[in-house]
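Enquirer: Sequence:
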Amino acid sequence: MDFKRAEKETVDPTYLWVGPNEKQLSGSNRINITNTGKLTVKDFLEPLSGLYTCSFSYKTIKAETQEEKIVKQRYDFMIFAYREPDYSYQMAVRFTTKSCVGKYNDLLFRVLKKILDNLIFDLSCHIIEPSYKCHFVKVPKHGLIHELFIAFQVNPFAPGWKGTCNESTDCEDTTNHNILQARNRIEEFFRSQAYIFNHDLNKTLPAMHFVDHSFQIVRMDSCRPGFGKNEGLHSNCATCCVVCSPGTFSPDVDVTCQTCISVQIYGAKSCQ
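Counting from 1, one number per residue, gives the positions in the sequence shown under full-length UniProt numbering.
If you are wondering where the hints come from, they were derived from the structure by calculation, not from laboratory data. Predicted model only: the values in this text are computed from it and were never measured. Be aware that a few hints might be false.
Claimed, not checked - In silico DSS-like cross-links for lysine-lysine, where the CA-CA straight-line distance does not exceed 25 Å:
| no. | residue 1 | residue 2 |
| --- | --- | --- |
| 1 | K138 | K103 |
| 2 | K23 | K42 |
| 3 | K38 | K62 |
| 4 | K8 | K59 |
| 5 | K62 | K114 |
| 6 | K113 | K103 |
| 7 | K62 | K72 |
| 8 | K133 | K114 |
| 9 | K62 | K4 |
| 10 | K38 | K59 |
| 11 | K98 | K138 |
| 12 | K8 | K103 |
| 13 | K141 | K98 |
| 14 | K38 | K4 |
| 15 | K69 | K38 |
Given only the sequences and the hints, what does the whole structure look like? Please build it.
Expert: Below you can see the structure in the form of structure tokens.
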């Protein structure tokens with residue numbers, strides 16, 4: 001019932017819930033309907049998305065004549081399965097180098113990747129898409145300096161990552177918690193490099209060292225197949241990955257559902 005009706009006495013209320021595909025809902029191990037009309041659905045999956053209708057009826061009774069009248073109302077709800085987005089982090093750092101030519105640049109790059117992978121190995125996170133380029137940089141009040149511009153992504157799906165989920169099918173909480181820890185560890189690693197740069201005045205810095213204030217980080221969201229973000233359609237949860245509606249699909253970890261007229265289901269992972 002609506003809020004206005006809920007504040008009044010209701011005589012002989014009855015409720016009829018109809019779910020997607022106009023199927024009448026009844027009690028089961030997944031669906032529970034209380035005697036006051038409250039609907040609870042356990043383990044809500046993509047195909048359960050769609051239009052839910054509650055047909056509500058009650059009686060009004062005239063005090064002077066005891067005449068009864070049945071009043072019927074209908075409430076429609078569009079309900080969508082959703083997931084939290086999977087987080088990953090795009091990071092960039094810079095290191096000085098003697099020259100843009102030579103094997104040492106590649107060696108530093110590989111050693112740095114190995115150090116970072118070891119830092120986050122126990123979190124089932126790993127470094128993906130690492131790359132670097134060497135550039136000449138004119139520093140104010142200094143001459144030209146050779147610097148390595150290094151970029152990489154921190155990803156929570158290292159081989160065996162499902163083992164961290166404690167047999168849960170919905171793993172976003174675990175993977176997003178782990179990736180946050182991984183981000184914090186890597187931030188702390190480069191913060192320690194900056195501390196050496198700024199405070200250890202008695203130590204001679206090597207020719208290849210971290211460039212202070214060069215660490216940058218951007219969070220990257222992705223949605224599981226069959227889900228996507230749509231701020232226009234789901235403005236009340238703009239950051240959520242919501243199930244792709246009929247007429248759309250998402251085959252990969254992109255953040256949007258693509259158009260496909262032939263798709264007639266919720267959560268389509270292919271255009272068929």
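Enquirer: Now tell me if each hint is right for this structure.
Expert: Verification of the hints:
no.	hint	result
1	K138 - K103	holds (23 Å)
2	K23 - K42	holds (17 Å)
3	K38 - K62	violated (28 Å)
4	K8 - K59	holds (12 Å)
5	K62 - K114	violated (81 Å)
6	K113 - K103	holds (16 Å)
7	K62 - K72	holds (17 Å)
8	K133 - K114	holds (18 Å)
9	K62 - K4	holds (20 Å)
10	K38 - K59	holds (19 Å)
11	K98 - K138	holds (14 Å)
12	K8 - K103	violated (81 Å)
13	K141 - K98	holds (19 Å)
14	K38 - K4	holds (17 Å)
15	K69 - K38	holds (24 Å)
Checked against the numbered hints given earlier, the structure breaks hints 3, 5, 12 and satisfies all the rest.
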